[in-house]
Amino acid sequence: MKFINYAMAAALTCLAVVSSARAETLPSNAIEAVNVAQQGNEIALRIDLKEALASPPPGFSVANPAKIALDFQSTANGLGKNSQAFNQGDLRSMNVVQVGDRTRVVLNLVRNMNYKTRLDGKALYVTLTPIERLAESSAQRTTRFAEESLVGGKHAVNDVVFRRGKGGEGRIVVDLSDTGTGIDIRQQGSNLIVDFMKTTVPDRLRRKLDVTDFATPVSSVETKAFGDNVRMVITPMGLWEHNAYQSDNQFIVEVKRVVEDPNKLVQGSKIGYQGPRVSINYQNGDVRALLRLMAEELGLNAVISETVTGTTTLVLKDVPADQVIDIIFQQKGLDMRKKGNIIMIAPRDEIATREKLEFESKQQISELEPLKLEQFQLNYQKAADVARLLAGLPPLGAGGAAAAPTPGVNVAAQRILSKRGSAVADPQSNIIFINDIPSKLEEIRSFIAAIDTGARQVLIEARVVEAQDSFNRALGGKFGLINSKPVQIGGSGIYTAGGSMTPATTSGSTTTPATLVQNPMVGVNLPSPSTGGSLALSLFNSAFTRILNLELAALESDGLGKIVSSPRVITANNVKAKIEDGTEIPYVTTQSSGGTTTATVSFKPAKLSLEVTPQITPEGTVRMNLVVKKEEADWTKAVVLNGYANPPIKSSIVETNVVVENGGTVVIGGVFITDTQNSVDKVPLLGDIPFFGWLFKYKNDQGKRRELLVFITPRVISDKMRFD
19 MKFINYAMAA
29 ALTCLAVVSS
39 ARAETLPSNA
49 IEAVNVAQQG
59 NEIALRIDLK
69 EALASPPPGF
79 SVANPAKIAL
89 DFQSTANGLG
99 KNSQAFNQGD
109 LRSMNVVQVG
119 DRTRVVLNLV
129 RNMNYKTRLD
139 GKALYVTLTP
149 IERLAESSAQ
159 RTTRFAEESL
169 VGGKHAVNDV
179 VFRRGKGGEG
189 RIVVDLSDTG
199 TGIDIRQQGS
209 NLIVDFMKTT
219 VPDRLRRKLD
229 VTDFATPVSS
239 VETKAFGDNV
249 RMVITPMGLW
259 EHNAYQSDNQ
269 FIVEVKRVVE
279 DPNKLVQGSK
289 IGYQGPRVSI
299 NYQNGDVRAL
309 LRLMAEELGL
319 NAVISETVTG
329 TTTLVLKDVP
339 ADQVIDIIFQ
349 QKGLDMRKKG
359 NIIMIAPRDE
369 IATREKLEFE
379 SKQQISELEP
389 LKLEQFQLNY
399 QKAADVARLL
409 AGLPPLGAGG
419 AAAAPTPGVN
429 VAAQRILSKR
439 GSAVADPQSN
449 IIFINDIPSK
459 LEEIRSFIAA
469 IDTGARQVLI
479 EARVVEAQDS
489 FNRALGGKFG
499 LINSKPVQIG
509 GSGIYTAGGS
519 MTPATTSGST
529 TTPATLVQNP
539 MVGVNLPSPS
549 TGGSLALSLF
559 NSAFTRILNL
569 ELAALESDGL
579 GKIVSSPRVI
589 TANNVKAKIE
599 DGTEIPYVTT
609 QSSGGTTTAT
619 VSFKPAKLSL
629 EVTPQITPEG
639 TVRMNLVVKK
649 EEADWTKAVV
659 LNGYANPPIK
669 SSIVETNVVV
679 ENGGTVVIGG
689 VFITDTQNSV
699 DKVPLLGDIP
709 FFGWLFKYKN
719 DQGKRRELLV
729 FITPRVISDK
739 MRFD
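Residue numbers for the sequence shown follow the numbering used here, so the first one is 19 and each next one is one higher.
A hint or two may mislead.
Taking CB as the label site, the calculated pair distances span [claimed, not checked]:
#1 Lys140 <-> Gly245: 52 to 62 Å
#2 Val442 <-> Ile345: 49 to 59 Å
#3 Asp344 <-> Ile671: 27 to 37 Å
#4 Arg366 <-> Gly183: 39 to 49 Å
#5 Ser464 <-> Gln205: 36 to 46 Å
#6 Ile345 <-> Gln57: 32 to 42 Å
#7 Thr145 <-> Ala103: 28 to 38 Å
Note that these hints are calculated values from the structure, not bench results. From the three backbone atoms N, C-alpha and C, an ideal C-beta is built for every residue, glycine too.
With the sequences and hints as input, model every part of the structure.
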C-alpha cells in the first residue's frame with residue numbers, strides 16, 4: 019500500500035498554475051488569527067476571519083506525510099506570516115499559502131487524523147481526532163514472500179544463477195538449503211531488494227554479477243551478507259515488473275520488461291488497477307486539484323482542460339491511484355487521450371468534438387495537399403504485384419490474369435493509396451513509382467518496408483520407414499509300399515500294384531546305380547515343402563521284392579526386411595513445396611469395335627511424394643500442413659487382361675497438420691498390418707489318428723507383419739548459415 023506523497027512545493031506549484039489562468043481579484047475576506055487547544059486526544063483549532071463564511075471551506079487529507087489542507091476562496095492571509103509552529107499533541111505546525119485570491123491552510127501532523135469543520139460566526143472550528151487503526155506507509159512495508167521456520171541450524175544460500183527466459187525476461191534462480199527460509203521482497207527506489215532471513219552465504223557467492231550482455235531488463239545482481247540475513251539487490255533498467263515464486267528449495271525472481279501501452283495510465287501486464295495505493299479524505303474539493311494530485315502520484319504529465327469544473331467528496335482508503343482517476347472520470351463524465359508521456363483530460367463530449375474536427379481537417383488537407391512523386395526499389399516483391407495491392411486490386415494469378423476476388427470482401431475498401439494517389443510499376447527494373455500526398459507516402463513507405471523482406475526458408479526432412487517380418491513353417495510326409503508281384507487283398511479280387519528293384523552292380527571301374535521299376539503303388543503322397551530338410555526311411559527284403567518307403571519333410575523360414583526412403587525439400591515460409599520419386603505403371607485396356615480390337619495404354623503413378631506448406635511461428639516453431647504418399651505396384655496380384663498384366667497400386671497416405679520445434683522430430687503416422695494363415699492337408703480318418711496321423715497330413719503356417727512409419731524433421735535455415 020502506498021499513500022499520496024504531497025510536498026509543500028507541489029501545493030505552491032498547483033496554486034500558482036490555477037491562479038495564472040485567472041484574472042487577479044482583490045480578496046474580500048482574510049484570515050486574522052489562529053488558536054490551538056488540546057482537549058484529551060482531540061485537538062481544537064479556531065481560525066478567526068474578517069468576514070463570516072457562507073459554508074465550510076473544501077479540504078482534503080494526505081496520509082504520507084500526514085497533512086490536512088483547507089482551501090479558502092476569496093480570502094487573504096492576514097496573519098503576517100506563512101508558517102506557525104504549535105507542537106500540540108499530533109499537530110506540529112501550520113503553513114499558510116496565498117496565491118491570488120485563494121489561501122490554502124496546511125496542517126502538518128505527526129500521524130494521519132480525521133477532521134471535522136464547524137462555523138460559528140466569523141470563526142471556523144476544526145476538530146482533529148485520531149484514527150484508531152493507522153495505515154502503514156508503503157515506504158516502510160515489505161512484502162513477506164515466505165515465513166521463516168528454523169529447524170536445526172541456520173539457513174544457507176547454496177547457489178545463485180542468472181538466466182534469460184524465452185520472452186527476454188531476466189530470471190534469477192537461488193538454490194536454498196531448505197524450504198523453511200524466510201524471504202522478504204520489496205521495491206526500493208529503482209532497485210528490487212530480496213532479503214533472506216537468518217541465512218548465510220558463502221564467500222564465492224558474495225559478488226556482483228554484471229548481466230547486461232544477456233539483453234534482459236536486469237543490469238546487475240548483487241548478493242551480500244546483511245547482518246544475520248542475506249540481501250540481494252537486483253538493478254533493472256527501464257520500465258519493468260517482477261514476479262517471484264518458489265519451488266521446493268529453489269526461489270526464482272523474474273523481471274520482465276513492460277511494453278508501454280499509450281491507452282493505460284499504469285503500465286504492466288497484470289489485470290486490473292495497479293497504481294500506488296492512496297487514502298483520501300477529500301470534502302467538497304476541486305476536481306481539477308484532485309486530478310493534479312493523482313497525476314503527480316502516478317508520475318504523469320497531465321494537461322487538464324479549463325472546462326473540467328465542479329467539486330467532489332471522496333473518502334477512500336487503500337485504493338489504487340489509477341482507480342481514483344477512473345472513479346472521477348465516471349462521476350464527472352470525463353475522458354482522456356494520451357500522446358507520448360502526456361495525458362489530456364477533458365469532458366467526453368469535448369474530446370469527441372475535438373477529434374471529429376481534427377479528422378475533418380485532415381481529410382480537407384488530404385484533398386488540397388499537393389501530390390509528390392516518389393520511387394521505391396523493391397528487392398524481393400514484384401513491382402506489379404505491389405502496385406495492384408496498393409490500388410486495392412487482386413494480385414495477378416498464373417499466366418498474368420487477375421485472380422478472382424474473395425467472396426464477401428470489398429476490394430475498394432482495401433485501397434492503401436489515397437483517392438488522388440496512383441502507382442506505376444516498371445517490371446524490368448522492379449521499381450514502383452507512387453504519386454500521392456506526403457502523409458500517405460509515409461504510410462506506404464512503412465508498408466513496403468514491412469512486406470519487401472526475404473522469406474525465411476525451411477528444410478523439411480522426411481523418413482518413410484517400412485519394415486516387414488515374415489514367418490513360414492511347413493510339415494509334410496510321403497508313405498509308400500512296393501511289391502514285385504500283384505497281391506490279392508483278402509480274396510476280394512483287388513490286387514496291389516507291383517514293381518521291382520534292380521540292385522546296384524559293379525563291373526571293373528564302372529558302377530551301375532540301383533534302379534526302381536514300379537507300377538502305381540499303394541501309399542500316401544501329400545504335398546511337401548519344395549525346400550527344406552527331409553528324412554527318408556526304406557525297409558526291404560533281401561530279394562528287393564517288397565519295399566516300404568517313408569519320407570518326412572519340414573521347412574521353417576524367417577524373413578526380416580526394412581525399406582527406408584528419405585525425401586528432402588527446401589521451401590520458403592508459407593510456400594507449398596512438393597517432391598516426387600518413383601515410376602508410372604502402364605495399364606492396357608482393349609476395346610472391340612467392328613471386329614477390330616484396339617489396345618489403349620494409360621499410366622498410373624506409383625511414387626513416393628512429399629507435399630508440405632511450412633509456417634514459422636513467432637515462437638520459433640514450425641507449423642506444417644503435410645501430405646505424404648507411398649505408392650507401389652503389387653505384381654503378385656496383377657490381373658491379366660488380353661495378355662497384359664495390370665497390377666493394383668498399394669498406397670499409404672498420411673495427411674495432417676502438426677507443430678514441431680525447430681530441429682525436432684515427430685512421428686506423424688503409422689500403418690501396422692499383421693497377416694496370419696494356417697492350413698492343414700490330410701488323408702481322411704488316417705490323418706486324425708493320434709501321433710501316427712502326422713504320417714498322413716501336411717501342415718503349413720504363414721505369418722507376415724508390415725509396419726510403416728513417417729518421421730518429419732523441420733529445420734529453419736538461418737540467413738547466416740554457411741555451407742563449407
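Evaluation of the provided hints:
Between lysine 140 and glycine 245 the C-beta distance comes to about 59 Å, which sits within the given range of 52 to 62 Å. Between valine 442 and isoleucine 345, the C-beta spacing of about 57 Å keeps the proposed range 49 to 59 Å intact. For the pair aspartate 344 and isoleucine 671, the supplied restraint of 27 to 37 Å is violated, since their beta-carbon distance comes to about 59 Å. Between arginine 366 and glycine 183 the CB atoms are about 41 Å apart, so this pair conforms to the stated range of 39 to 49 Å.
Judged by the Cβ atoms, the range 36 to 46 Å given for serine 464 and glutamine 205 holds: they are separated by roughly 38 Å. A beta carbon spacing of about 36 Å between isoleucine 345 and glutamine 57 agrees with the range 32 to 42 Å that was offered as a hint. For the pair threonine 145 and alanine 103, the supplied restraint of 28 to 38 Å is violated, since their beta-carbon distance comes to about 20 Å.
Comparing the model with each numbered hint stated earlier shows that hints 3 and 7 do not hold.
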